[in-house]
Amino acid sequence: VDQLWSQIVDFFTGPGLQHALSGAVVLIVGLLLARWGSRLTGRLAARRGSAQYSLIMRRLTYYVVLGVTLVVALAEFGLELSILLGAAGILTVAFGFASQTSASNLISGLFLLGEQPFVVGDVIRVGQTTGSVLSIDALSVKLRTFDNLLVRIPNETLLKSEITNVSHFPIRRLDIALRLPYHEDVDRVRSLVIQLAQRHPLCLDEPRPQVFFQGFGESALDLQLSVWAARETWFELKNALQEQVKTALTEHAIEPAFPHRTLYAGSPTRPLTVRVVTRGEADPPDENREREDEARTRGRS
Amino acid sequence: MRHIAPVDATLQPTPEPTPWWGEYALEAGSTGLWQIGPLRLWITNRRHEWRLYFERGPDALDPSVAIVCPLAEDDGPPETAERTRMATQRTGGTLSLEPALADRAVVSRPESPFQLLPNDAVDLFVSTPLWLRVWAGPEPRHLLWDQPLFRPSDTWVGPDTTRGALAYASRTFMRLDASNLPYYAARAVTRIRLENRAAGPLLLERLSLPVRELALYADARGRLLTETMTLTREPGGDLAAVRVEHGAPDRRDADEGPRLVAEPRDTPRRGGILHALSSLLG
Chain B
1 VDQLWSQIVD FFTGPGLQHA LSGAVVLIVG LLLARWGSRL TGRLAARRGS
51 AQYSLIMRRL TYYVVLGVTL VVALAEFGLE LSILLGAAGI LTVAFGFASQ
101 TSASNLISGL FLLGEQPFVV GDVIRVGQTT GSVLSIDALS VKLRTFDNLL
151 VRIPNETLLK SEITNVSHFP IRRLDIALRL PYHEDVDRVR SLVIQLAQRH
201 PLCLDEPRPQ VFFQGFGESA LDLQLSVWAA RETWFELKNA LQEQVKTALT
251 EHAIEPAFPH RTLYAGSPTR PLTVRVVTRG EADPPDENRE REDEARTRGR
301 S
Chain A
1001 MRHIAPVDAT LQPTPEPTPW WGEYALEAGS TGLWQIGPLR LWITNRRHEW
1051 RLYFERGPDA LDPSVAIVCP LAEDDGPPET AERTRMATQR TGGTLSLEPA
1101 LADRAVVSRP ESPFQLLPND AVDLFVSTPL WLRVWAGPEP RHLLWDQPLF
1151 RPSDTWVGPD TTRGALAYAS RTFMRLDASN LPYYAARAVT RIRLENRAAG
1201 PLLLERLSLP VRELALYADA RGRLLTETMT LTREPGGDLA AVRVEHGAPD
1251 RRDADEGPRL VAEPRDTPRR GGILHALSSL LG
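Residue numbers (my numbering), protein chains in the order written: chain B, 1 to 301; chain A, 1001 to 1282.
Simulated from the structure, these hints should not be mistaken for laboratory data. Small disclaimer: the values here were computed from a predicted structure and weren't measured. We treat Cβ as the ideally placed atom computed from N, Cα and C, and that holds for glycine. Check before you lean on any hint, since a few could be wrong.
According to the in silico footprint, chain A covers these stretches of chain B (three or more CB under 8 Å from chain A) [said to hold, decoys possible]:
1) 54–65
2) 149–157
3) 160–172
With beta-carbon atoms standing in for the labels, derived distance ranges [what the hints assert, rightly or not]:
4) A:Ser1112 / B:Thr247: 42 to 50 Å
5) A:Glu1234 / B:Phe258: 35 to 43 Å
6) B:Leu40 / A:Glu1263: 33 to 41 Å
7) B:Glu115 / A:Gly1257: 55 to 63 Å
8) B:Ala46 / A:Leu1260: 54 to 62 Å
9) B:Gly96 / A:Pro1159: 47 to 55 Å
10) A:Gly1076 / B:Leu149: 40 to 48 Å
11) A:His1246 / B:Thr250: 33 to 41 Å
12) A:Pro1058 / B:Gly217: 33 to 41 Å
13) B:Thr247 / A:Cys1069: 56 to 64 Å
14) B:Thr145 / A:Ala1121: 54 to 62 Å
From just these sequences and the hints, can you work out the full model?
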């Protein structure tokens, strides 16, 4: 007990306390400096560049200042860095095996930042998920979907997947499928929908709206109206133009084609006899006829 | 593919221009109506509040102008009109209506494409859509409204769909003769000097007019004109110098010189700016 007590007294009266205190001060100041510095560089970078650039600069400043702070603080605590680094070398092997996925994500993140298939604020589609990029972090990318859900996608998955950047170019094409019955006048429908597109202010005049004859479908002629819009107004145009096309087709008595199938029984089908029977005039049930029908059915089976 | 040409009402009679811009006094509790071409705008002055109701007709080239200020109490905006409310601490009743040019470049076409011969020059006349700015006074004025009289169609100017800029498509053709250009209440006229200094002919299918850099003037007859623009195709062939001739446009038929009614949206650049020909002529 005396030995322990003397060690405690030595710590508080000797240089140990001084080292610990100065190390703690360095750590606190360094952390504050890292946060303040990262915010400042983030703001400065945002003025000159994109949100993506600002994010990278903010993170870079934070981790660099934090790293320097840790090195200085450890030196103040009296720990020798060479010993720590030696131990870290051994630990790295064990740690490396345990953190393969994280390391892979980390490296994939660096590739994503370098290649820049998208930046913060872009709308991307990965598999079945479409959303706006909130952040590109060390291990994952965070998306906000249009129904306001947060989706985390690991960087490694992104690097391996097909990514569609919906908002990369300023304009975007909108395709509306039209299925017309075979008897319909294609030229009339084409003129009608092209005029609709040209009258809509959000539909670009150039590139011109076009109607493509996609082919002869099973139950319909397959046409496609393709128009262009600014990426910001694409959804608005999609809603408005589809409604207008529907209304115009109805007004001009142009019926959409519905799937139908003709059955062929091997020989020309004779017309069916239809007998209209009104209530009160119907014949009383004929028991003999019913019996005959039943016997015929049994004979067939 | 059939091409449906833009609407051009050159066969319609040209009415006399009616200057509709300027300052108006509107007492608290009263409403004014301004019909400028296709736009009908009702402005109500309420205590600490401006209410703006508007609706647009289907005809972009509607020439009618009518101003009723103040409006009878029974007359008011229809229920279907869109509305905007602006709150303010001030109770002043001065309104200032100003025409302005579009907030993007405007693309115009000749009735049919033509070629300008080498080492030759022509004057082109283009009418572009107008915006309306409503300011509430007195000084310092507050901007209440900055919207088009008729929303023009969007279009794209650039060599392909990945490079270029959004612009507006003009609904009227450019003309080689100013007398062929009818007056529209909702449009301003720009004279463009087109020079071809290259060895080959210059094909003109369309032209992108950077109207953000142009100031707007009104002549003595009440017609709205912009500064004149010169577009020179350089001898190399692929570049064009665009120069704005700052100051009132030259109108020889006017008794008085045109006077400034709206400054350009962007700070005008001195001297000629070289553009890729494809970015101006598509």
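Looking only at beta-carbon atoms, does the pair proline 1058 of chain A, glycine 217 of chain B fall within the given range of 33 to 41 Å? 36 Å, holds
Does the Cβ pair threonine 145 of chain B, alanine 1121 of chain A satisfy 54 to 62 Å? 56 Å, holds
Verify the CB-CB distance for alanine 46 of chain B and leucine 1260 of chain A against the hinted window 54 to 62 Å. 37 Å, violated
Given coverage of the stretch 54–65 of chain B by chain A, tested with a Cβ cutoff of 8 Å and a minimum of 3 residues: Coverage by chain A is violated here, the residue count being 0 at a Cβ distance below 8 Å.
Take the C-beta atom of leucine 40 of chain B and the C-beta atom of glutamate 1263 of chain A, compute their distance, and say whether it sits inside 33 to 41 Å. About 37 Å separates the Cβ atoms of leucine 40 of chain B and glutamate 1263 of chain A, which means 33 to 41 Å holds.
Is 55 to 63 Å respected by the C-beta to C-beta distance linking glutamate 115 of chain B and glycine 1257 of chain A? 58 Å, holds
Please test the hint of 56 to 64 Å on the beta carbon pair from threonine 247 of chain B and cysteine 1069 of chain A. 38 Å, violated
Are glutamate 1234 of chain A and phenylalanine 258 of chain B spaced within 35 to 43 Å by their CB atoms? Once the Cβ atoms are compared, 60 Å apart, the range 35 to 43 Å for phenylalanine 258 of chain B and glutamate 1234 of chain A is violated.
Pairwise beta carbon distance, serine 1112 of chain A to threonine 247 of chain B, judged against the given window 42 to 50 Å: 34 Å Cβ-Cβ, so the 42 to 50 Å window is violated.
Given as covered by chain A, does the stretch 149–157 of chain B meet the bar of three residues or more with CB within less than 8 Å? Violated - the stretch 149–157 of chain B has 0 residues with a Cβ nearer than 8 Å to chain A, which falls short of three.
Does 47 to 55 Å hold as the CB distance between glycine 96 of chain B and proline 1159 of chain A, or does it fail? 50 Å, holds
How does the Cβ-Cβ distance of glycine 1076 of chain A and leucine 149 of chain B compare with 40 to 48 Å: does it lie in that range? 45 Å, holds
Checked against the numbered hints above, the structure breaks hints 1, 2, 4, 5, 8, 11, 13 and satisfies the rest.
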